[in-house]
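**Q** These are the residues of each chain, in order.
2 protein chains.
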Amino acid sequence: MKPRSITVDLGQRSYPIVIGNGLLGGDFDLAGYVRGSDCLVVTNETVAPLFLQGVIELLGTKAVDSIELPDGEEFKTVETVGRILDRLVDRGANRDTTLIALGGGVVGDITGFAAACYMRGVDFIQAPTTLLAQVDSSVGGKTGVNHPKGKNLIGAFHQPKIVMIDTDTLKRLPDRELKAGLAEVIKHGAIVDAEFFGWLEDNIEALITRDPEALAYAIQRSCEIKAAVVAEDEREAGRRAILNFGHTFGHAIERCQGYGEWLHGEAVAAGMVMAAKLSNIDLAEFERLCRLIGRAGLPIAAPSIAVADMLAAMGMDKKVHGKQLHFVLLESLGKTFVTTEYDDALLERILGAADR
Amino acid sequence: MKPRSITVDLGQRSYPIVIGNGLLGGDFDLAGYVRGSDCLVVTNETVAPLFLQGVIELLGTKAVDSIELPDGEEFKTVETVGRILDRLVDRGANRDTTLIALGGGVVGDITGFAAACYMRGVDFIQAPTTLLAQVDSSVGGKTGVNHPKGKNLIGAFHQPKIVMIDTDTLKRLPDRELKAGLAEVIKHGAIVDAEFFGWLEDNIEALITRDPEALAYAIQRSCEIKAAVVAEDEREAGRRAILNFGHTFGHAIERCQGYGEWLHGEAVAAGMVMAAKLSNIDLAEFERLCRLIGRAGLPIAAPSIAVADMLAAMGMDKKVHGKQLHFVLLESLGKTFVTTEYDDALLERILGAADR
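If you read the protein sequences in the order shown, they are chains G and R. Under the numbering used here, the first residue of the first sequence is numbered 1, with each subsequent residue one higher. Under the numbering used here, the first residue of the second sequence is numbered 1, with each subsequent residue one higher.
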């Protein structure tokens, strides 16, 4: 397959998303996106043995250093960012240095935030190696780390210079992570593209069995959808919020369960079903959504959590000043809106269904 | 005096600089620049007893919390930013929260960076209370903290919503800090405005004796100059570098001496003289610069430091990858250029003069 390229249109901050198989270790001109002569590849101990050498080969004559983080969301902290910054300082890295994030969403988020903060911002490149990162977190410039009291509370909007997606990396991805990535793919269809949603219904088995053409198309279409939404509203002042469909519930599930119990994509899957229930869409469309999520091997219901705990995790307790909860709801498959008006009683019933 | 207003023209990120006497505790509508209902004033233990109440009064019906940092550059660290972020999390602060920096450059830099990082960026307001912060650091959106191995290595460009300068705060400023602030005022004249430089020569005694009209004009003109340069080049890709006139030498002096020995403005004063020597300007103009700096009570020569130490502190040692030193030099008073071409032998002689 020839690599496909999508542009994230953000004026001076525009950048390409290149999707292809065998990019790592091939002849793709990644070095052409490195402004200076100096690079730091940030990866983790799981990904490094598989793909680090391939990235280094693409960087040719550049001076390349690398740092291997431990693997896991629990390391997505300010302290880990500090380790990367220390390394940059020790190298005498200057404003022309480029950071390269090689790994999943955690590596991308951490690396992007380190790039945003070093000398008030240096270039970075996303080379995502999980489906979730390829269809979601590597695109759009959201970077950051967790605070002990909440996810992604510390961060920056910082756009990469390029997102380089080698679909061959998915051959090494565990099944459960592949499925978790599909949750965000399904989300992209559900929120803005009924036709793509239909394509997913026709091709979900091909995706699960890792048909390369099917995966490449699903990634391409997801990136196109996300790129278009981000181009309209880079800093989430409005429309970008639709990308959070299923996430208000999903984040609450993750928080109540303790992170790491369910994968993010699994929580979002159950969250989408809950959001669809709150949406009052056609029963037939609701059932199509549930069926597709189920066929992808993802949960269509939350685990058992008390209603009060879910409400608190959604930030609906009294401590929060002036906070008004925004829900992303479906009008129909492919049509979404953001609202602060919803049926309180229905919300409690939906949460109660999880309170078994 | 009626408040004066200057606009920093940065498209959607444009903001006013308002300069007046008695703004704090007066009837200025600062609350009008606070988007939500929630504010956190960040100040330090020196400034709080003098001006915190005045800011709180201006915020009227908003929910106002405050945090008092210890006073000093040594607290301009990631750890201090962490304290502010923890407070925001504990308050359940959301994206509509506004941070207000009340103090000098250290408070402004720390607060701005905390605002840049919290939830990927919340609003902040600069209320500078030192001359240095009023004429320089509060304008232009540079925020950040120090790394143990270098100043301002960790930070962000994050523009405030307004810079509110109450010139009455200068009545409480120690003499030495007032003079240090004048170094940056003189710099603004020297780099782009020969007429303002002449005005400073005529009015330097009025400034030192804190004539309110003279101070207000010097602040206004400095802010106008800085605002124009920043509007042209927000992220220092080019022209903005001229604001660093005297700073390559000045930073090296601060680093070699240990921070806190000389004030930043004092180091910049001596640094401007060194940069002017390297510039090969008219002797008469060179002498005018030295004389004005001297009349402002500022040093015109660096303390005794070995040439090798100064060179290393300027990043001219071999460890640094691909680094090319840029100097901001004078063509004449009011005309500046940035260059990587300079007379090496002359540079060593200039540094040698400090190596007594």
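None of these hints come from the bench; they were simulated from the model. Check each hint, because a few of them may be wrong.
Any copy, or any two copies together, can satisfy a pair, since identical chains are not distinguished.
Derived EDC-like pairs (lysine to aspartate or glutamate); straight-line CA-CA distance at most 20 Å [to be verified]:
| no. | residue 1 | residue 2 |
| --- | --- | --- |
| 1 | K62 | E79 |
| 2 | K151 | D90 |
| 3 | K335 | E348 |
| 4 | K149 | D90 |
| 5 | K62 | E195 |
| 6 | K62 | E287 |
| 7 | K2 | E285 |
| 8 | K2 | D27 |
| 9 | K2 | D96 |
| 10 | K149 | E79 |
| 11 | K151 | E45 |
| 12 | K149 | E234 |
| 13 | K161 | D175 |
| 14 | K151 | D96 |
| 15 | K335 | E287 |
| 16 | K149 | E74 |
| 17 | K335 | E224 |
| 18 | K149 | D309 |
| 19 | K149 | E236 |
| 20 | K161 | E195 |
**Q** Against which earlier hints does the structure fall short, listed by number upward?
**A** Violated: hints 1, 3, 5, 6, 7, 9, 11, 12, 13, 19 and 20.
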